[in-house]
Amino acid sequence: MSEITNYLSPCSLDDAVRALADGDVTVLCGGTDLMPQMEAGQREYASTLMNIRRIEGLAEITLTGDTCRIGALTTVSEILTSQLLDEVAPVLVAAADQFASDQLRNAASIGGNICNASPAGDMIIPLLLLNAVVELASWQDGAIQTRLISLHEFFKAPGKTVRQNNELFAAVLFDKPPPGFVAHFCKPGPRPALEIATVSIGIGGVLEDGVFSDVRAAMGAVAPTPIRARRVETTLEGLPLNADNIRAASVSAGEDATPIDDVRASSWYRDHLVRVLTKEVLNDVLENTN
Amino acid sequence: MNKKTIATHIEKTTLIGQRVRKPDAADKSTGKTRYINDLVLPQMLYGKILHAGRPHAQIVSIDTTAAEQLPGVHGVLTGKDVAGLKFGFVRDNVALKETVRCEHDEVAAVAAETEEIASQALGLIKVEYKDLPGVFSPEDGRREDAPLIRGDFPGNKSLHFAFEHGDLTAAEAESDIIVDNVFKVHHVTHCCMGTSCAIADFDNNGKLTIYSQTQYPYNYKMDLAPALGMHPGDIRVIQPPVGGAFGSKLDVYPYEPIAALLAKKTGRPVKVLYTREEEFKSAPTRQPAVIHMRTGCKKDGTLTFRSADVLLDNGAYTSWGPTIPVVMMRTVSGHYRVPVIAYNAQAIYTNNPYAGSFRGYGNVQTTFATAQQIDMLAEQLDMDPIEFRLMNAQKPGERTPQQAFLRECALDKCLTTAADATDFVTRQKEYGLLRNSDSRYKKGIGIASSIHNAGGAKIHKSDGCGTMLKVDDYARATLITGASEIGQGIDTVISLIVAEELGIPVEHVTLMNNDSDLAPWDVGVHASRTTFIAGEGARRAAVKARQQILNAASTFAEISADELDLRDGFVVRDKEGSIVIKLEKLLRQMHFQPEPELVMVTDYYEPNSEPEGADHISNMSAAYSHAVHIAEITVDTWTGEIKVDKITSAQDVGRVISRAGLEGQTEGGIAIGLGYALTEDMQLEDGMLKNPCFRDYKVITAPEMPELDLHFIEDGCAEGPYGAKGAAELPTIVIAPAIANAFYNATGVRILSTPLSPEKVVRALILAQQADVSSSDSMATAAVS
Amino acid sequence: MMSLKTQINFKLNGQPVTVTVPVTMNTLTMLRDELDLTGTKYACGEGECGACTIRLDGKTINSCLMYAVDCDGREVVTIEGLKSGETLHPLQQAFVDHGAIQCGFCIPGMIMQADYLVENNPDLDRARIRRGLEGNICRCTGYTKVLDAITSVVESRE
Ligand SMILES: Cc1cc2nc3c(=O)[nH]c(=O)nc-3n(C[C@H](O)[C@H](O)[C@H](O)COP(=O)(O)OP(=O)(O)OC[C@H]3O[C@@H](n4cnc5c(N)ncnc54)[C@H](O)[C@@H]3O)c2cc1C
Ligand code: FES
Ligand code: FES
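As given, the protein sequences belong to chains U, B and Y, one line each in that order. Position 43 (the first sequence) corresponds to 42 in numbering that gives the first Met the number 0; numbering is contiguous. Position 386 (the second sequence) corresponds to 385 in numbering that gives the first Met the number 0; numbering is contiguous. Position 75 (the third sequence) corresponds to 74 in numbering that gives the first Met the number 0; numbering is contiguous.
Calculated from the structure, these hints are not laboratory results. Glycine included, every Cβ here is placed at the ideal spot set by N, Cα and C. Any given hint might turn out to be false.
If you only want the chain B side, here are some residues facing chain U, beta carbon under 8 Å, derived [said to hold, decoys possible]:
(1) Thr-638
(2) Arg-694
(3) Glu-758
Please put together the full structure from these sequences, using the hints given.
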């Protein structure tokens, strides 16, 4: 068993990325994924444990021009109560409302949710709809360097991302969606919230004169990573949002999804849910634009 | 506020049926209460158990050397240390195993300075197993070629129970309608919020003090003793506050003797406390079963017979679970008037976790079957569903074929009360007509009822309870009873009763019931018996004390004792309410007189019932009660989710004593019943639990709780205290079939297995649609049960 | 495993405290084992039940999931810190009065969360209270009396 020899709680991004550059570090944010994974022996600590919650300036939600930026430390509660997000990206707020419980939302960070790379991560689905990009910061050549990578390319496998060990997830950014853009998120379960998604679905687009365009669809817990549902998107793009096309989209959703069996649901049921929820979300979109 | 004016007259009031604060609530609200989980004794060591983590295996070798050598470890035990120390209902269990028969089987145990060291030591124990083929369902277990789980139980056969009454063949022949189904009920577990815990400590005379969560301290000693090779008399049981029990602490489970054996070995107090994962894997379950039931009736609606063939999954050891057929049988044979009965129940050993007792005790399982079959018959007869039930409902004074004497019986009132409150008949028709509409959400309403023992259950030689009561010179009363407090509120009930009889404030009553060296005999908190039996014992003791006090007052005031009453801390004239003397003053006068007298009384109350007996023909409880639940639900036919909108309950409680307590028990019982019906499910794969956490084992939370409309029928009871009956289990018992019946009403599809989970619901609906036989129940259900 | 220890300072129920804790210890364990505050309960250790709910800088969190080191410089309030002097906190009193307490094991966490809800929601109705308690499991009460108790406090506030 490896031993922790160093505990850091940097106050600046600068200090944090420098520490990361030195190698072997476990990043701790809210701890709501890290703590249970460690306790269950699913992971091991690196030699340095770095608590990033004291870093200044990383917990802000801002809009600069058309670009919205959510700092890594922003909690799900802060997303839920953000006036700004309610205006620019209500679908993200809606997903935050279906996230665990108050106690979890108050601790859980958006950075943690994304870096944990669970196929069921609830913040990820709406962010995929928003064509979000991830900002990674690292220390190179004596300065902070950042790189941007599109969120849908960020995930590799359950718990695995393209983030390098020396990189800190600094923020997630997205452009304000076009006027008329509506999106809905849906996660079923007997409980409103304290429920890891058996599947989750988000679909958005611009509905003008009955025609659906700029269609974006994403799904959680139906593949090793959260995915964009490309077949659903093509099925709907540029077509009227009517009963026939909704039915077709529901079939496409089943093709996009490659769910597995686990204790929460069988693949059969997940497949079924994906289809019916696609209908539900599209009906919601219809209702809310009329 | 300081009230200085003293009234000269005190009116008669009663506490019975009032809302009284639970005595321990204030401390529980502030975090001050020291639960057993919080207790730390000086020098205490922490015990940890190595569980097998495989369902069936021979232990080839165990090497504990490294664990023993770890600094901070004080003792390690394995199977060879407990050889011959068998315990359990049929002596089929030992604290530490040499053969593994289920996933959680205890293989070794360590006592160490800290939990961390103990856990680390477990990691150093090397065990070599030889895995054996397992049996994971009772159906498989009884096959001829099934692997034998224990040599001493051929055919994997555990307990068997049977009861027959009347001529089945004739009854079948005269039946116009027979419903015949196989119901399947699943594994669930108690999920006490306080995980299992025991702290054991030996004194140097060899006497064991065990701090325990037990809910039956006296028989507990008897059951624990053989696991330790001790005499029960050398065991003292202390019961600190516990985080729930619900039946799970009605037996001895291996961690308890393990704590004691480690304490003995190390000479220091040892605490064993489960993690939540251990709790899920190792705590007892509710008994799963396969119930083949048939019920017949004539065209005019008269029931003709009922037969039930029950196959129980015993699990690896025999705790209380396999004894539930005794209670199942009572519901099969009673409740609605069934003249002919054929009942047969066989438990089969498997390599699954084993069942203990759990709130509802068998009746949860049977009622799922009986109440659905009654519903099916009502429909097939095309009779008014309430009329049909009323016509067959047993009436006061009737006896069941098993000779349960329904001296008071309010089933008809329960039925009409609940039906009227919900406009049941009309709504059921309306929803039934809408069932084939193509709307996504469908509404349904369903009714179910059951009977349960409500005056104890004489499954032991005695079903009694001992009580001691003293009233001191300050007019404070202390009542010592064998009845345990596990959160259910017997403390409130007893304080209220003593206060009622002695005319003192409830806060002036202290209850002592957590030390077996102090408290007299009681058989434990189970069978909805405690308010009835310990409450009656408290009442009888309080009446004796009251009489002694009134006699003394009579001498003092020269007024006849029956013209006096005790109110508000005073002796008063019964009619006028005028004050005669302050109670404390009288008590001191009684004490400090030439022939001094203290108020100290005892009572042993044995309810008027008969032992269960091997033929199962007896009036085993001193009272019986009924409950009717009506569930109103909305089915999401897309996702399969069932939302319970409202539960209306009508229950015969005899008389309400502690109102808030009774409501709380009913509401909590319903929540546990809802979890059973809908969301809770121990997912076992070859005996291994796949969901040992609240994330995947879903108990009901606040947002899922439906609106409740509770009706208590208070028709009294000749035997219970102030006319009260036991009440705590029925709310859990009746709910699942009410929901299943509502589901049928909403969709025309029957689900014959618990839980009605979203996935199962969707499958059933799709299957019914595909076969286009939504009316043919068995087709749809065969695949989903 | 001997875990690295570090010293932290924070305010606990209004009083400054200094403790040295292993960096991997969770806050629940620190409160219960190091600081003897056993009112906060362990019932799952996985963020699912809310029995370990405390306030951290005014917000409720599950102390079983939070690293103790993260308390450094912050303000922590536990169930023991809710009562002021002799008198019960209005929510504690309401839970007692409404019969919302049976075994009581879930209650400290339940009351901490209820207090947070009442404080942070100007328009708190029964439906919102239900949702607000979604992270707190009670196996005894069926929540009805808990909802009654909290509702009564909300109403008396108006
Ligand atoms: C009971 C319970 C319920 C839950 N319910 C939900 C739910 O409904 N929906 C949902 O989506 N999730 C849920 N989760 C999962 C979890 O709460 C979230 O994923 C949360 O957002 C993680 O954030 P955190 O700050 O706690 O992350 P941490 O646990 O601190 O970190 C998570 C991972 O990300 C890494 N990390 C964190 N921040 C950074 C960073 N800035 N840069 C690089 N790496 C970083 C950490 O090293 C770690 O590997 C639940 C968890 C629990 C215990
Ligand atoms: S113990 Fe922390 S949420 Fe259950
Ligand atoms: S009162 Fe027992 S768990 Fe809530």
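Here is how each hint holds up against the structure:
1. Thr-638: With a closest approach of 5 Å, the B/Thr-638 hint holds.
2. Arg-694: At 6 Å from the nearest chain U Cβ, B/Arg-694 passes the 8 Å test, so the hint holds.
3. Glu-758: Holds, because the Cβ-Cβ distance from B/Glu-758 to chain U comes to roughly 4 Å (cut-off 8 Å).
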